[in-house]
Amino acid sequence: MHVPDGFINAPVSAAAGALAAGAIAVCLRGARREQAALSPAGAVADGGERTAPLAGLVAAFIFAVQMLNFPVAAGTSGHLLGGALAAILVGPCTGVLCVAVVLLMQGLLFADGGLTALGVNVLVMAVVTTVVGYAVFRGLVKVLPRGRRSVTAAAFTAALVSVPAAAAAFTLVYAVGGTTDVPLGKVATAMIGVHVLIGVGEAAITALTVGAVIAVRPDLVYGARGLTVPLKLRVGGELVDAPAAPATRAAPAASASPARSHRTLWAAGLLASLVLAGFVSFYASTDPDGLEKVAADKGFDKGEKEHAAADSPLADYGVGDIADTRLSGGLAGVIGVGVTVVAGSAVFWAVRRRRTGGDDGPASTAVEGTPTPRAVGAEPAPRAEPAPRAEPAPRTQPAEDA
Amino acid sequence: MGAGHAHRLYRHARSPVHALPPHTKLTAVLCFVLVVVSTPREAVWAFAVYALLLASVAYAARVPPAFWLKRLLIEVPFVAFALLLPFVAQGERTGVLGLSLSVEGLWGAWNVLAKGTLGVAASVLLAATTELRDLLLGLQRLRLPPLLVQIASFMVRYGDVVTDEMRRMRVARESRGFEARGVRHWGVLAKSAGALFIRSYERGERVHLAMVSRGYTGTMPVIDEVTASRAQWTYALALPLTALAVCLLGWTLT
Amino acid sequence: MDPHVTTTRPAPPSLEVAGLAYAYPDGHQALFGVDLSIARGERVALLGPNGAGKTTLVLHLNGILTAGAGTVTVAGLPLGKRHLAEIRRKVGIVFQDPDDQLFMPTVREDVAFGPAAAGVRGPELEARVLKALGRVGMAAYADRPPHHLSFGQRRRVAVATVLAMEPEILVLDEPSSNLDPASRRELADILRSLDVTVLMVTHDLPYALELCPRALILSDGVIAADGPTGELLADKDLMSGHRLELPFGFDPKTAAREG
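Protein chains in written order, with UniProt numbering: chain A, 1 to 402; chain B, 1 to 254; chain C, 1 to 259.
You may find that some hints are simply not true.
[To be verified] A few chain A residues facing chain B, derived, Cβ under 8 Å:
| hint | residue |
| --- | --- |
| 1 | VAL26 |
| 2 | GLU49 |
| 3 | LEU54 |
| 4 | PHE61 |
| 5 | VAL101 |
| 6 | LEU104 |
| 7 | LEU109 |
| 8 | THR116 |
| 9 | VAL176 |
| 10 | ARG217 |
| 11 | PRO218 |
| 12 | LEU220 |
None of these hints come from the bench; they were simulated from the model. Ideal placement from N, C-alpha and C gives every residue a C-beta, glycine not left out.
All chains should be modelled from the sequences, with the hints used to inform the complete structure.
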């Protein structure tokens, strides 16, 4: 999925670089807030200084998990891209930083992704996936009934939307700064079509992974905090209240105002609908036609064999092809429409339920209100990345955490 | 992820290029690639000159051509993409061997291929001649935000540790007879990924504790700093400056 | 309870803990009122089965965890926000997994981290690093990345990272875990050669007996026994009552005499 040099012209690459730098600057500040909010009980410091080691380890995790192969069928396999997953697990700003650092190191150490295209890569793969994924996730978590299942479902949808959103962002950048005059409709169709499929795989894996984490350490899932009870201490047989300050990671989360959560809900819903509407219109406006579609697909998803060193763990870094492009083309359309319908009705159902039930979703976070819209604002500059580096399955089943 | 100092693309040698301070090399490569990307694609000869320039750097760095060329394989996916451009691009078409190809597409393919290859080649050279640690120092010196450098350095330090953990989990799965063969096994794999996340995160917490125990308050103490003399800068920037001259020539001649 | 009023001696104890209780955010309580005192220059073993709260106690000693109730005093300084930096310098904790402790790209930088964070710079920093590495016999490895070292070497470097801060008290969490016999002996030699107060948290009883004249038993979140290591280990009822078991064929009485 990494864009090489020469794909996007110099001015647009530079502009994307500037935008990416801006987004990262915002996230650097936001990440401290997020990690402070996640700070454990009893910590003396505010927790902001936890950002570097934690984000570093999460970046190492993203890097490692991108090598974890998920077999699809008949020898093909896909792997996680991780933007949405990172956002849900550690928060959007930290997520952006982690993915951006992974991209930076991949570019410098493995020559994976051009240096001039770094800005584009960061915008498309770090900023767009993470921010879109997180916005959708929070929106859904808020409107769905409370519970582990809802979190998993929200994670599924978030990851599902985040990948084609990145593809759309790429297309946008390509439209502005592409070096070759390719029919844009075709680029968009191919990119987004293929990425809806990838998104389905990403969604399943993300949802399953989030489900697995939530089952064991719910307190580690940034996007789903707010389920802890006040502490009691027993000293010599007597129960004593623990001091209020260390009262858990969830404390800051619980205090957010309902007004803000409403606004976030609407922003997220609106964003989700816009993104989805985007897909539909793409499909409506361009009829994928036979040969060229196939050709484009083939070119777009040559995600494999990136790394020469076959003995390295990177040998299996990117894998598998989308086997049948014709199938994928057709499926993409169906899935795109299906997803839109499902997500649309989910939003409707949820909003109505909210109005009648009046039951509040999980507490909103103190952080999300601000960074999200800002980072979304940074999105117009993105640009294209051609090859999805691996593609999860054309087939998939909704997340159910085992 | 490489093993701390020696990452996978790194090739140990003593050469003038290895000896250059990392931030000068980073700057040089970035400028060079920028220049290459800005060159008009019609100036075919200019790209040949760039390739020659890089080859001479590779020679000076004692990077064997076989090593270098093998690492270029990373861009294979884009070669495939570039080859498609002549078929899908718009505009005037021309017949080659009975195929109708877009002229614009042919130029586009050439453009992506030439610039992409040069970009990868330059990055590979940088990675082959710069140790991981130095790369991080260079980034720090180039005023990348300290937090970002810290995150990168933790990622570098623990990349192997986390990857090893993942490998051990796979071995554990496989020794109990589990082999992921299809979509229905995703649940198990995702559980591993979840466990890996928890382990990584908890290790992050422990690392943080270890740091705090030794007086960490949010900023890394400066222990090493790299500096470059004027001569080293000149030496490093010779590459992008020559390239810039070629590029300007390319613009005037076409 | 205010123990340090009564202890007005010329050299305050290196470590004094009184009534310490703590529960984790998930509600699990680990400590139920711990009292202990360690005089300067002592080498003390803190023994206890898995899950007794040993590591939790260690995290209180330099203020990483804040007590739910009770106090910690280090060399006369009460633990609190005001003395936090000073106390973190005085209490050197060597964690169980050296990979957690060695977070910098090279051994040298890692050892330098503590003193550098305390403001030491230049040649003085370099000297401190070399001295600390010399004390654990790892000076030749200064420029190696930590994960190229063997496990035993990593643990020794971890000790050096803490020694470089010239601590008042050295706290080791399971120092002998995962070490082969040779590395174990080397580490013991190093620890014996140091002239700092040592608190060694372990369930490796022979190691405790070998290194520490005095031992405490932490069980179910309280100090259950305090006395000479040899005597505690010889008390069969006490040992089995707290899930502590001597290795097969090990007799504390004969071992103590030989040592």
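Consistency of the hints with the structure:
{"no.": "1", "hint": "VAL26", "result": "12 Å, violated"}
{"no.": "2", "hint": "GLU49", "result": "3 Å, holds"}
{"no.": "3", "hint": "LEU54", "result": "4 Å, holds"}
{"no.": "4", "hint": "PHE61", "result": "4 Å, holds"}
{"no.": "5", "hint": "VAL101", "result": "5 Å, holds"}
{"no.": "6", "hint": "LEU104", "result": "7 Å, holds"}
{"no.": "7", "hint": "LEU109", "result": "5 Å, holds"}
{"no.": "8", "hint": "THR116", "result": "5 Å, holds"}
{"no.": "9", "hint": "VAL176", "result": "15 Å, violated"}
{"no.": "10", "hint": "ARG217", "result": "5 Å, holds"}
{"no.": "11", "hint": "PRO218", "result": "11 Å, violated"}
{"no.": "12", "hint": "LEU220", "result": "6 Å, holds"}
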